[in-house]
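K.L.:
Sequence:
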Amino acid sequence: MKADRASSMVWMAVGLLSIYGSFQLGLGTLGEPGSGFLSFLAGSFICLMALIVFIQSFLQGKGFQVKISTLWKGIRWYRSALVGLLLLVYILVLEWIGFLLTTFLIVLAMVKGVERLSWGKALLISISASAVCYLVFDKLLKAALPRGLLGF
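Letter 80 of the sequence shown, counting from 1, is numbered 80 in the working numbering, and no numbers are missing.
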């Protein structure tokens with residue numbers, strides 16, 4: 001099976017699941033959208049794009065089609081696995097350590113460990129990202145963020 005056809009079928013399934021879940025949440029009306037309205041639009045868009053890719057896979061010439069096995073050659077999985085692991089750690093320790101410190105440490109681990117930036121750049125990016133996120137969510141949007149052990 002060609003890669004475009006296989007991937008479009010997977011994305012079609014994702015879109016249909018999103019649409020199904022949207023109906024479970026309730027769509028509401030255009031004037032008063034329900035909690036499933038945006039996920040319905042997103043699922044519909046995903047299905048539309050998947051359908052376009054699926055149809056194009058039949059219309060393209062033979063030279064443009066790629067087999068699925070060739071898509072995975074040369075992929076370095078450790079970076080994706082490390083980011084996934086760091087996000088899991090973030091979820092697990094967020095309540096305990098607190099938003100500001102956890103965000104700083106995870107961003108630092110990502111830019112230093114995954115992107116391999118210098119310590120100066122990594123610290124600058126981590127401090128900036130944490131501060132901006134804190135200001136936006138805590139001060140501007142008044143979201144209730146976990147304070148953690150240190151109280152901030």
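Please note that a few of the clues may not be correct.
[Said to hold, decoys possible] Cross-link-like lysine to any residue pairs, in silico, SDA-like; alpha carbons within 25 Å at most:
no., residue 1, residue 2
1, K112, C133
2, K73, L85
3, K2, V53
Everything labelled a hint here was simulated from the structure, so no lab data went into it. Source: prediction; values computed, not measured.
K.L.:
Look at each hint and say if it fits the structure.
P.N.:
Hint check results:
Pair hint K112 plus C133 holds up; C-alpha atoms about 19 Å apart against a cutoff of 25 Å. Taking the CA atoms of K73 and L85, the gap is near 23 Å; set against the 25 Å cutoff, the hint holds. At most 25 Å may separate the alpha-carbon atoms for a hinted pair to count; K2 and V53 meet this at roughly 12 Å.
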